[in-house]
Amino acid sequence: MLHEITLTINGESYPVIVKSHYTLSRVLREQLGLTGTKIGCENGECGACTVLLDGEPVNSCLVLAVEAEGHRIETVEGLSKGGQLHPLQKAFIEHNAVQCGFCTPGMLMTAKALLERNPHPTEEEVRFALVGNLCRCTGYLRIIDAVLEVAEKGGEA
Amino acid sequence: MTIQTPNPVGKSVPRVDAFEKVTGAAKYVDDMAFGPTLLYGKIVHSTRAHALIKKIDVSKALALPGVKAVVTGQDNPTRLGLYLKDRYIFAYDRVRYVGESVAGVVAVSEEIAEQAAKLIEIEYEDLPPVFDPYQGAQPGAPLIHPDLGKYEVVPFIFPEPGTNISEHFKLRKGKVSDAGVADEIWAQCAAIVEDTYTLPQIQHAPIETHVAVAQWNPDGQVTLWSASQSPFAQRDLVAQSLGIPHGNLRVISPYIGGGFGGKAGISIEANVVLMAKAVPGYPVKVRMTREEEFVATNVRQSLVARYKVGCDKDGNLLAMEVAYYFGGGAYNDYGVNIVRAAGYSCTGPYDVPNVKGDSYCVYTNHPIGSAMRGFGMPEIHWGLEQIMDRLARTIGMDPVDFKRQNCVRTGDIIATGMTMPQIDLVQCIDKVAKAINWGHKDPPSAPHKRRGKGLAIMWKAPAMPPNPGSSAIVRFNEDATLNVYVSGQEIGQGAFTIAAQIAAEALGIPFEWVRVSANPVDTKYSPYEWQTVASRLTWSMGNAVKAAAEHARQQILEIVAKYWNEDPKDLDIKNGVVISYESEREQPLKKMVVYGLPNENYEGWQGGPIIGTGKFMPTYVTGLDPETGQGTRAVVHYTVGAQAVELEVDTETGQIEIIKIASAYDVGKAINPDLVMTQIEGGAVHGLSSAFEGLRFDEQGRALNASFVDYKLATALDAPKEIHGDIVETPLEDGPWGARGVGEHVMVQTAPAIANALYDALGIRFNHLPLSAEKVYLALRNKEKPEKAR
Amino acid sequence: MRPFDYYKPTTYEEAFALLTRPNQVMMPLAGATDLIPMVRDERWQPDGVVDIKNLPGMRDLRVTPEGLYVGAAVRMAELVRSPLVNASPWNLLAQGAQAMGHEQVRHRATLGGNLCTASPAADTAPALLVLEALALIRGPQGERRLPMGEFFLGPRKTALQKGELLIGVLIPEPPAGSVGTYVKLSRRKAGDLAIVGVAALAFPQDGGYRWRLALGSVAPTPIRAPRAEEALAQGYDEATIAAAGELALESCSPIDDMRASAVYRCEMVKQITRRAIEMTVQKLAGA
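Chains as they are written, first to last, in my numbering: chain A, 1 to 157; chain P, 1 to 790; chain D, 1 to 287.
Watch out, some of these pointers could steer you wrong.
With a Cα cut of at most 30 Å, we get these calculated DSSO-like pairs of lysine-lysine [as the list claims (entries may be wrong)]:
1) D:157 <-> P:721
2) P:118 <-> D:157
3) P:721 <-> A:153
4) A:19 <-> P:60
5) D:283 <-> P:449
6) D:157 <-> P:449
7) A:19 <-> P:660
8) P:68 <-> A:19
9) P:783 <-> D:270
10) P:60 <-> A:90
11) D:189 <-> D:8
Which chain A residues face chain P? A few, computed with CB under 10 Å, are given here [said to hold, decoys possible]:
12) 17
13) 40
14) 43
15) 48
16) 69
17) 93
18) 121
19) 124
20) 130
21) 141
22) 142
Coverage of chain A stretches by chain D, computed from C-beta distances (three or more under 8 Å per stretch; other residues unrestricted) [unchecked claim]:
23) 20-32
24) 51-65
Keep in mind the hints are simulated off the structure, nothing from the lab. Since we're looking at a predicted model, the values are computed, not measured. Beta carbons are placed, not taken as given, at the ideal position from N, Cα and C, and that holds for glycine.
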């Protein structure tokens, strides 16, 4: 079945025709060219596909594209505004919290949602929030430090 | 460019790829756009562990609308392989593991390809399987490769036709024979410990699965886009096995979302090229699902390892006998070299005068054991570092003192007869012992918990053929920014940043002026690099980049010297400006690096576009005697290191909490100290995770936990509270500024360090990976109320 | 993934008509966190999915005279963060929701979906059993209620008939002074399925305390442990708590699976039951 829908992504409207079973992750990447969101398992286990839906982190591989209509979608592409990096992006660079980079977009989106809901998380809370974002390269400590630093600075990097 | 960093070597400059990665702009293979003609491929995998293929019926699949082609092993019966050509691209007459590629379907959409894959009917005739490498090596075991004797093999690998042994490395040093270390030596030992340790297959689990796209044009030009640590090796293997001239096959590899060795060599790429050949002119994409990634790409070999070690009353190691039976999986084309490396490094980082080592690569009907971070070293150190601990305690010595006393030092004659190049393992041990506060035990955080500390040392040499080359090109732009061309791949380790630092330092320009033109690596334009493996890039690619930069530098100095009528020896380049120590004149690089400089009174011009080229290939690695493993120079060098773990066990549940990991590695020279630290941290967590990981199979050889639901990686909650890293710098004789690699070493000995800490906490030894709370709990219960052995 | 069609009914009648279509496999769609993996794995092969999240009342979360009404489409993350659920007396449900999966999954997974998938390891089930919740079912034939204990029939099997939907859960207010703890043991600290999950609830009665215990992942369905509960009514000294653990084990029939062996599970039933009881005792002391 085909659905003609409009997805609201990073504040922009994207009209698109999708099949019922297409996941949001596939539509973002293959129909809309927003390849910043990655696919790692398509089972909701690795978090590489994390986007924000109405400000909350979700696995876009577990959301049907057709379900996402009417919701506010945010992807990594929307983090920087007019060439200005989001404080989290700056912190990730400064802390060397990026290695192969494949988990990075998902990590950033989860972290953004965390700080918007809980501006001053403890280290434990940061770790707990990131459980659904697997990383094989960094060992996580730099990522946790980057998030805590942004929290400490009140969202300014 | 507001920041200018001259002399960046030794400085923690920012990564050159971080911006792209945090903005989501960095492109990986699956992000690349191939246009509306892109077709999708699905590989059909064997459902049997060991079986003859009686019949493959693809007619129903071909009849499905939208299916363009189906490829099977009959379409190309040549074998390929890096060191041993034992693999068919698609199974030819039989399958050897559950997951083997049996057919490839090409269709207009992934859904149709999936549907069509299910319509392929295959008739199998089961053969008896081999799952245990020790059993598989015994006479009379079912033969997995009856034609082993016919396979092309490199001169330094020794398969035993008529058996399942694809490589047998023999090490005989001192008073030993094939029967073992001489009795008279054992008689001198005041303590002897003997035991067997095992570990299962584990998988790299990079967050990006394997993806490849291939296009075979009617004119014979073939392009392969793959997430590859080895674009040139892939080109070579595919070209050879499919009869394509190297110059007609182009391999393009952009950023890689994690490699760890799994994307080295070759896995699905030749399959995709064959599938593309069936639909000339169309690009065909195959991407592995996570489930396929676990079993149908590459895994780390399993191991059954037997050790017997002895020392005198003063704790000096006298004798070692080891037998390593690696479960190489169904195809050992890459795995044989892992076994060889385990063979010549079989003693671990110890000075032992009498060694009998046998390292076997054994075919098993399991997924393909291939390169994984550590390349045989994590596997053998698991048992080695525990048995050394036990030997120390048997003689009444503190294990750290024992290791310090017996570890290799510069100048030692090591297992292969080679003289140990410059390293300082003692310093690594001391730093780590201090960082973990060895000898002191903090009280546990609750009455039912126990604390323990364990330490493990390691060594590893890059395990390569004797002649692996690197090359690099540097090219100036008009504004004096510099493009550096390399084919060393960025898999997250920071290779591109290192290349930029080295080029800048060697030329005398600020780090910020350098652009690394390697994204993607493209065999059509990029200069040759053997592979991004073996922790070799900083050293080997680094040397090539340095040479290329120095080549460019020399050209510039000669041009300016002529321009100034001075001696090039009195000139230098500092911060992008040519200066004369003699006359104190200055000449900025801008423009002259492309346009040259005019002669006096504009009577002509000299110079022109500056291009520097450089290469590096080690020239001194020698062969080893096949009967004794002895030779002048087995390997290029070793990197050594130590790691200590502090943990706490909840005795009520068996759960293990890793409190702190302390690491120290001798990297020769930290080109970028913070990047070394990020490897130390990432490696510690990878090592920690690997101690709890294991692929599980049923009696039919089918994987039971090929997904993240039941193959658990360490998460942000599992990373220890603290990872402490120390960098030791004993220069490598032929490393750029003394640098040697560290990317793999950082996770080699974490598992045995944990096991040693568990012994310290509980008095219990764990011989068999993976560890788990359940194993610890049940072992504790058995200890308190001993029952019959399980 | 095998293709399927998507429907979004606006009324229950529409939904029932879709769900009872002859010769078609139609499945309700809530958070999709079970559905999509199961379809990818080919264990579920729906021809169509019926999105029921927006049907009237599905997202309701409110206190009623009969207790807390939780619509079936209320998500785990909402249960975790809702002051209504978080504060006593229904806090145990928030604990169960918090233990499930990870952030991303909790923002999509629904209580209804968790219950209808009916994994014996479902993290919200033990809490609902000790809170003596009722499953609210609506179908073409009308509405009915079922105690939670009768809703689960076996691994991945519920009492729902074809065409019926779980529309919500009704949790009566537990007795005054109730405190509860959910303890989950898994291979990893979080983001993992339970090896053993124990929910303990205690409340003052007749000068002492009454207990309710439920266990997940140790039987074909989540279960209560009535004999252990009786034993605890006598008191909660160390010996009685240990005895309660043993009695809880008697209600269990754990199996070997990928996560743990039956032997270990049995041992852990005792340990985790003890911990759940002890932590609840501490809360009683604090109250």
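Cross-check of the supplied hints:
no.	hint	verdict
1	D:157 <-> P:721	violated, 42 Å
2	P:118 <-> D:157	holds, 28 Å
3	P:721 <-> A:153	holds, 22 Å
4	A:19 <-> P:60	holds, 25 Å
5	D:283 <-> P:449	holds, 23 Å
6	D:157 <-> P:449	violated, 40 Å
7	A:19 <-> P:660	violated, 50 Å
8	P:68 <-> A:19	holds, 22 Å
9	P:783 <-> D:270	holds, 19 Å
10	P:60 <-> A:90	violated, 54 Å
11	D:189 <-> D:8	violated, 37 Å
12	17	violated, 15 Å
13	40	holds, 5 Å
14	43	holds, 6 Å
15	48	holds, 5 Å
16	69	violated, 22 Å
17	93	holds, 4 Å
18	121	violated, 12 Å
19	124	holds, 8 Å
20	130	holds, 4 Å
21	141	holds, 5 Å
22	142	holds, 7 Å
23	20-32	holds (count 3)
24	51-65	holds (count 9)
Checked against the numbered hints given earlier, the structure breaks hints 1, 6, 7, 10, 11, 12, 16 and 18 and satisfies all the rest.
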